[in-house]
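Asker: Read off the chains here:
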Amino acid sequence: MIGFISYLVFFSTVAAILAIAVLGLNLQWGNTGLFNGGIVASFGAGAYGTLILGGTPQDGHLGGFELFYPLALAGGMAFAGGLAWVVGRLTLRLRHDYLAIATFGVAVAFENVMRNATGVTGGAQGIRGFERPLQNLLGSGFSYNLVFLVAVLAFLALVYVFLERLTVSPFGRLLRAIREDETAARSLGKSPDRVRLAAFVTGSVIIGLAGGLYGTFYAFVSPQDVLPILTFQIWAMLIVGGAGNNRGAMAGAFLIWGAWTFSGWALSRFAPVEAQLYTGSIQFVLIGMVIVGMLLWRPQGLFPERLVVSQPGVDTGNKQRD
Amino acid sequence: MIQHLVDGILVGSFLSLGAIGLTMAMHILRFANFSHAELLSIGAYCALVFDKVFESLSPVLATKIGPLSMTGALAISIILSMAATGLSAVLIDRFIFQRVRQKGEELSMVFASFGMALIIRNVIGLIFGLSGELYSNEIAFAMVLSRDPLLLVKPDQVFVLIAALVLMFALHVVLSRTTFGYSLRAVAENPRLAQVHGINLKRMIAAVWVIGGGLGAVAGIFYGLSFQITPVMGRDLVLPIFAATIVGGIGSVYGAVLGGFIVGIASNLALVILPSGYSPSVPFLMILAVLLVRPNGLFGEARA
Amino acid sequence: MPDAVLTVDAVTAGYVPDLPILRSVTLTAERGKLTVIIGPNGAGKSTLIKAVYGLVPISDGIITADGKGILGLSPDRMTSVGIAYVPQSDNVFRTLTIRQNLDLALQKHARADEKLSELYARFPVLADKQRDRAGSLSGGQRQFLAVAMALAADPGLILMDEPSAGLSPKAAEEVLDHAKQLTGQGVTILLVEQNVKQALKRADHCYVLAEGRNQIDGPAADLLQDPALGRIYLGRERRAQA
Numbered sequence: 000m001i002g003f004i005s006y007l008v009f010f011s012t013v014a015a016i017l018a019i020a021v022l023g024l025n026l027q028w029g030n031t032g033l034f035n036g037g038i039v040a041s042f043g044a045g046a047y048g049t050l051i052l053g054g055t056p057q058d059g060h061l062g063g064f065e066l067f068y069p070l071a072l073a074g075g076m077a078f079a080g081g082l083a084w085v086v087g088r089l090t091l092r093l094r095h096d097y098l099a100i101a102t103f104g105v106a107v108a109f110e111n112v113m114r115n116a117t118g119v120t121g122g123a124q125g126i127r128g129f130e131r132p133l134q135n136l137l138g139s140g141f142s143y144n145l146v147f148l149v150a151v152l153a154f155l156a157l158v159y160v161f162l163e164r165l166t167v168s169p170f171g172r173l174l175r176a177i178r179e180d181e182t183a184a185r186s187l188g189k190s191p192d193r194v195r196l197a198a199f200v201t202g203s204v205i206i207g208l209a210g211g212l213y214g215t216f217y218a219f220v221s222p223q224d225v226l227p228i229l230t231f232q233i234w235a236m237l238i239v240g241g242a243g244n245n246r247g248a249m250a251g252a253f254l255i256w257g258a259w260t261f262s263g264w265a266l267s268r269f270a271p272v273e274a275q276l277y278t279g280s281i282q283f284v285l286i287g288m289v290i291v292g293m294l295l296w297r298p299q300g301l302f303p304e305r306l307v308v309s310q311p312g313v314d315t316g317n318k319q320r321d
Numbered sequence: 000m001i002q003h004l005v006d007g008i009l010v011g012s013f014l015s016l017g018a019i020g021l022t023m024a025m026h027i028l029r030f031a032n033f034s035h036a037e038l039l040s041i042g043a044y045c046a047l048v049f050d051k052v053f054e055s056l057s058p059v060l061a062t063k064i065g066p067l068s069m070t071g072a073l074a075i076s077i078i079l080s081m082a083a084t085g086l087s088a089v090l091i092d093r094f095i096f097q098r099v100r101q102k103g104e105e106l107s108m109v110f111a112s113f114g115m116a117l118i119i120r121n122v123i124g125l126i127f128g129l130s131g132e133l134y135s136n137e138i139a140f141a142m143v144l145s146r147d148p149l150l151l152v153k154p155d156q157v158f159v160l161i162a163a164l165v166l167m168f169a170l171h172v173v174l175s176r177t178t179f180g181y182s183l184r185a186v187a188e189n190p191r192l193a194q195v196h197g198i199n200l201k202r203m204i205a206a207v208w209v210i211g212g213g214l215g216a217v218a219g220i221f222y223g224l225s226f227q228i229t230p231v232m233g234r235d236l237v238l239p240i241f242a243a244t245i246v247g248g249i250g251s252v253y254g255a256v257l258g259g260f261i262v263g264i265a266s267n268l269a270l271v272i273l274p275s276g277y278s279p280s281v282p283f284l285m286i287l288a289v290l291l292v293r294p295n296g297l298f299g300e301a302r303a
Numbered sequence: 000m001p002d003a004v005l006t007v008d009a010v011t012a013g014y015v016p017d018l019p020i021l022r023s024v025t026l027t028a029e030r031g032k033l034t035v036i037i038g039p040n041g042a043g044k045s046t047l048i049k050a051v052y053g054l055v056p057i058s059d060g061i062i063t064a065d066g067k068g069i070l071g072l073s074p075d076r077m078t079s080v081g082i083a084y085v086p087q088s089d090n091v092f093r094t095l096t097i098r099q100n101l102d103l104a105l106q107k108h109a110r111a112d113e114k115l116s117e118l119y120a121r122f123p124v125l126a127d128k129q130r131d132r133a134g135s136l137s138g139g140q141r142q143f144l145a146v147a148m149a150l151a152a153d154p155g156l157i158l159m160d161e162p163s164a165g166l167s168p169k170a171a172e173e174v175l176d177h178a179k180q181l182t183g184q185g186v187t188i189l190l191v192e193q194n195v196k197q198a199l200k201r202a203d204h205c206y207v208l209a210e211g212r213n214q215i216d217g218p219a220a221d222l223l224q225d226p227a228l229g230r231i232y233l234g235r236e237r238r239a240q241a
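Residue numbers (numbering that gives the first Met the number 0), protein chains in the order written: chain A, 0 to 321; chain B, 0 to 303; chain C, 0 to 241.
Among the clues, some could well be false.
Claimed, not checked - Capping the alpha-carbon separation at 30 Å, the derived lysine-lysine pairs in BS3-like fashion look like this:
1. C/114 with B/201
2. C/128 with C/114
3. B/153 with B/51
4. B/201 with C/107
5. C/32 with C/107
6. B/201 with C/67
7. C/169 with C/200
8. C/114 with C/179
9. C/32 with C/67
These aren't lab readings, by the way, just hints derived from the structure by calculation.
Kindly produce the complete structure, drawing on both the sequences and the hints.
Answerer: In structure tokens, the structure reads:
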């Protein structure tokens with residue numbers, strides 16, 4: 000029983016961290032229509048940034064600045080935001096698929112650099128020597144994990160409230176206006192490029208926060224944590240939850256992470272030994288099928304956006320509401 | 000240094016072939032297809048299967064052609080694999096992309112292509128195993144072109160380069176001399192007007208996939224001849240191929256050819272100054288550089 | 000009994016369901032005649048000929064060409080039933096040469112070479128510039144190329160969408176004269192125009208549309224004198240100012 004509860008705490012912590020990342024993606028894709036093919040770069044930037052700034056000195060690599068934890072986390076988020084700013088500046092003016100390709104490229108390059116720049120990132124060995132905040136006070140057992148879960152849930156709630164407020168603020172309405180009808184928004188004297196850049200960077204900072212918490216939770220990050228599959232998983236969570244809907248996005252995170260963990264457990268338990276090598280491949284195929292299947296049969300997600308979205312050419316009540 | 004240049008040209012030859020199909024599909028269907036590189040894998044593995052079948056059917060076909068490691072069986076397999084891969088591309092479009100296209104926005108297709116890439120790559124891994132395969136286990140000896148500086152080229156590589164150039168020239172002739180080629184260019188420029196002049200859009204889209212799949216298959220096989228065939232080769236090739244299309248300008252076939260060679264050469268020359276571990280990052284740096292200096296690429300036109 | 004090449008009977012059409020741009024429009028184009036459709040901006044003139052060509056969804060009504068129903072035929076099949084269409088803008092492939100544009104339009108023609116020389120004889124300027132990209136042509140030349148591409152299918156009926164738009168007055172008159180000349184050679188033409196005076200001078204029959212509906216129609220010469228025509232245009236303008 001204790002084992003089960005302790006596993007539940009562990010599971011919920013990771014799922015809640017991923018839910019934060021899904022919320023960040025939802026701001027980019029659901030509310031602004033920006034395709035981020037390299038979520039894992041923002042996530043990794045947050046994790047690496049936090050651990051390098053907040054860790055204890057190590058021989059093998061840079062870091063060990065032993066910064067006060069909140070500052071380290073903020074540094075990780077800033078790193079994620081800075082990376083997004085560079086990519087966004089270069090691509091948001093262009094055809095939308097450039098952003099998809101460039102973000103995908105950032106993720107590939109990010110993993111590649113983390114793996115090779117041993118002097119900075121510890122290379123394939125990853126970043127070690129990070130001490131989790133308040134660990135001397137709480138120890139490293141169940142109670143620590145419980146407190147950490149509460150902290151992560153608090154962050155999740157904070158991000159949720161922030162995004163819900165943002166959506167109904169003038170800025171949020173502007174995002175929707177640009178997504179629905181860029182020309183009209185432009186004619187109102189708004190610069191869609193700058194608004195989109197702001198949304199893209201904000202979303203990436205939120206994803207960076209998730210990465211920072213993830214790194215903190217494991218007190219370790221390595222190139223294995225920034226593989227492209229994470230991008231696919233987070234996308235699947237958003238599309239299952241329903242793009243544009245923050246509550247749906249969080250539900251999608253728990254649902255997909257649950258399905259992922261369960262399928263991994265079931266395969267390791269019931270699949271024949273010879274097939275164990277292929278459990279990863281089977282799980283990847285499943286994630287791919289979730290993405291494609293949702294797009295084919297239920298593109299609005301399981302929990303569709305609650306707000307009415309105007310169709311091009313059809314005059315719905317949208318304008319009156321504003 | 001010269002060796003890197005030569006290697007880069009050889010790599011460029013199959014990157015170009017892969018990029019041609021990608022740039023055409025991106026231009027006509029207006030979406031960045033992240034599963035295009037998986038067509039290279041499909042082509043490479045189809046050829047592997049056909050090759051084994053023919054070799055077991057007829058020992059004559061199993062003998063090598065001249066100095067190449069290639070056999071008659073593989074030569075026939077290349078042709079069959081082009082057809083099979085072209086057909087796969089058409090079927091994937093019909094059953095997946097076309098349906099997503101009807102339901103959602105353009106970016107949904109980008110997203111669907113992400114999912115398809117994941118599915119194709121891992122299904123190939125499940126069928127053929129995760130380790131690499133070779134078309135021939137015999138070691139092909141390199142020819143020494145020069146001793147100082149040392150310059151080595153394998154006969155297979157010379158064949159790959161020549162065959163790739165011949166295919167590109169054939170495509171050039173089709174595009175610039177035949178009404179079929181004009182139709183393709185017409186659809187790319189203005190699909191509505193093409194339809195007004197009696198061109199069947201669905202058939203042209205299928206033609207684009209057949210060409211993209213066929214050239215992709217050759218690219219995949221040539222990659223396999225030069226290195227080895229693995230289920231994750233699509234993952235490793237997708238970024239260089241995208242870089243080639245962006246360097247050349249999205250929609251330009253000639254740009255894709257040039258872009259493929261530029262990316263191939265740059266990735267290899269970069270090894271002169273960078274440790275080899277960083278080579279996967281080079282295509283991304285090239286994308287950034289092009290977006291900074293000339294966002295529409297060498298031959299591309301601005302388009303919303 | 001007039002010889003109708005095209006009949007449009009009570010057609011309702013629009014891009015979005017429930018939002019028709021055309022409401023129950025009726026029209027006939029007679030063989031060998033120049034029929035024009037005029038009307039204020041937003042009257043649905045262009046939509047009407049696009050609907051005939053299968054480019055705009057039709058929710059109600061009947062369209063026949065030479066007595067056969069053509070409703071639901073896709074645009075790429077229209078040339079095979081003898082109908083060609085010259086769009087208002089972007090009506091040639093700019094990145095192809097003039098010769099390639101014509102070859103493309105001629106690709107299903109049984110005697111393409113013969114037809115090509117015929118088209119070159121009709122439009123000598125195209126023969127002179129055949130190796131140039133179509134994007135380099137002047138407005139009037141481009142319009143001639145678009146007409147030549149339409150003629151390549153040997154159509155019995157040509158639909159033209161504002162062929163004089165954006166042209167100099169001289170080039171506009173040349174293009175309209177050419178349309179008139181074609182009817183003398185047995186081709187039926189249905190033409191949408193903003194340039195009311197010039198169009199009516201040459202037309203045989205004229206339909207006036209406003210707000211997606213038929214207003215009046217009659218022989219072009221009569222309509223030029225009809226005060227109702229002025230009211231339709233002016234009435235619309237007055238409302239726009241209000």
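Asker: Find the hints from earlier in the document that the structure breaks and name them by number, from lowest to highest.
Answerer: none
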